[in-house]
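Undergrad: Residues in the sequence shown are numbered from 1 upward in steps of one, following this note's numbering.
Everything labelled a hint here was simulated from the structure, so no lab data went into it.
Heads up, some of the hints might be wrong.
What the hints assert, rightly or not - Label pairs and their calculated CB-CB ranges:
1) S92 <-> E45: 34 to 42 Å
2) G110 <-> K58: 13 to 21 Å
3) E45 <-> S79: 24 to 32 Å
4) A15 <-> G110: 20 to 28 Å
5) R17 <-> P87: 32 to 40 Å
6) K58 <-> G18: 32 to 40 Å
7) G18 <-> L96: 35 to 43 Å
8) W16 <-> E104: 15 to 23 Å
9) G94 <-> W16: 35 to 43 Å
10) E35 <-> E90: 17 to 25 Å
11) R17 <-> A59: 33 to 41 Å
What the hints assert, rightly or not - Heads up, simulated SDA-like pairs for lysine to any residue below, C-alpha to C-alpha not over 25 Å straight-line:
12) K58 <-> G105
13) K58 <-> A108
14) K106 <-> A15
15) K106 <-> R49
16) K58 <-> V99
17) K58 <-> G94
18) K106 <-> R17
Ideal Cβ positions, reconstructed from N, Cα and C, are used throughout, including at glycine.
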Amino acid sequence: LHGKGEPAVFRLKAAWRGVAKGACAAAVGAEGGDEISGFSLQFAECDDRDTFQVFRAKAMLDGLQIQVGDTGNCLDAASGHQVLVYPCYEESVGNLNQVWRIEEGKLAWGSPGSAKAVDIDANK
Numbered sequence: 001l002h003g004k005g006e007p008a009v010f011r012l013k014a015a016w017r018g019v020a021k022g023a024c025a026a027a028v029g030a031e032g033g034d035e036i037s038g039f040s041l042q043f044a045e046c047d048d049r050d051t052f053q054v055f056r057a058k059a060m061l062d063g064l065q066i067q068v069g070d071t072g073n074c075l076d077a078a079s080g081h082q083v084l085v086y087p088c089y090e091e092s093v094g095n096l097n098q099v100w101r102i103e104e105g106k107l108a109w110g111s112p113g114s115a116k117a118v119d120i121d122a123n124k
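Please model the entire structure based on the sequences and the hints provided.
TA: Laid out in C-alpha cells, this is it:
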C-alpha cells in the first residue's frame, strides 16, 4: 500500500458482460488517442501480462498522480471533461488535473460528492 493506505500499484476495472475477469483500463496507442501522448484509455479484457493495464500511484499535491503502465504518461482529468493519457507533469507545475484520490475503492477526481470515479483493483 502507498502512503495513507492507498495502493501503489493497481488496475482500473469495470464489469463487462460475458467476461469473467471483467474489463481493465489500458493505455492504447490508436487513432483517436491524445494528440500529444498518442494514447487513449480504453477498456479490454483483463490480462495479467499486459503492463499497459497496470497503474502506479505517486503522492502529489495532497493527492495522487497516476502513472499509466509503461507509457511514461499519467491520467489527466482535462478539467473534468474526459480522462486523458497525457504526459506527466512535475509537482512544481501544480497541475490539479493530474491529482487524484482513492475513495471507497474508486479512483476519483474532482470535489467530493461530485467526483468522477472508476473502480480499482489493488490485487493487480
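Undergrad: Take the hints in turn and mark each one as holding or not.
TA: Each hint, compared with the structure:
| no. | hint | verdict |
| --- | --- | --- |
| 1 | S92 <-> E45: 34 to 42 Å | 39 Å, holds |
| 2 | G110 <-> K58: 13 to 21 Å | 19 Å, holds |
| 3 | E45 <-> S79: 24 to 32 Å | 31 Å, holds |
| 4 | A15 <-> G110: 20 to 28 Å | 22 Å, holds |
| 5 | R17 <-> P87: 32 to 40 Å | 34 Å, holds |
| 6 | K58 <-> G18: 32 to 40 Å | 35 Å, holds |
| 7 | G18 <-> L96: 35 to 43 Å | 38 Å, holds |
| 8 | W16 <-> E104: 15 to 23 Å | 21 Å, holds |
| 9 | G94 <-> W16: 35 to 43 Å | 36 Å, holds |
| 10 | E35 <-> E90: 17 to 25 Å | 21 Å, holds |
| 11 | R17 <-> A59: 33 to 41 Å | 36 Å, holds |
| 12 | K58 <-> G105 | 17 Å, holds |
| 13 | K58 <-> A108 | 15 Å, holds |
| 14 | K106 <-> A15 | 14 Å, holds |
| 15 | K106 <-> R49 | 23 Å, holds |
| 16 | K58 <-> V99 | 10 Å, holds |
| 17 | K58 <-> G94 | 14 Å, holds |
| 18 | K106 <-> R17 | 20 Å, holds |
Consistency with the previously given hints is maintained throughout, with no hint failing.
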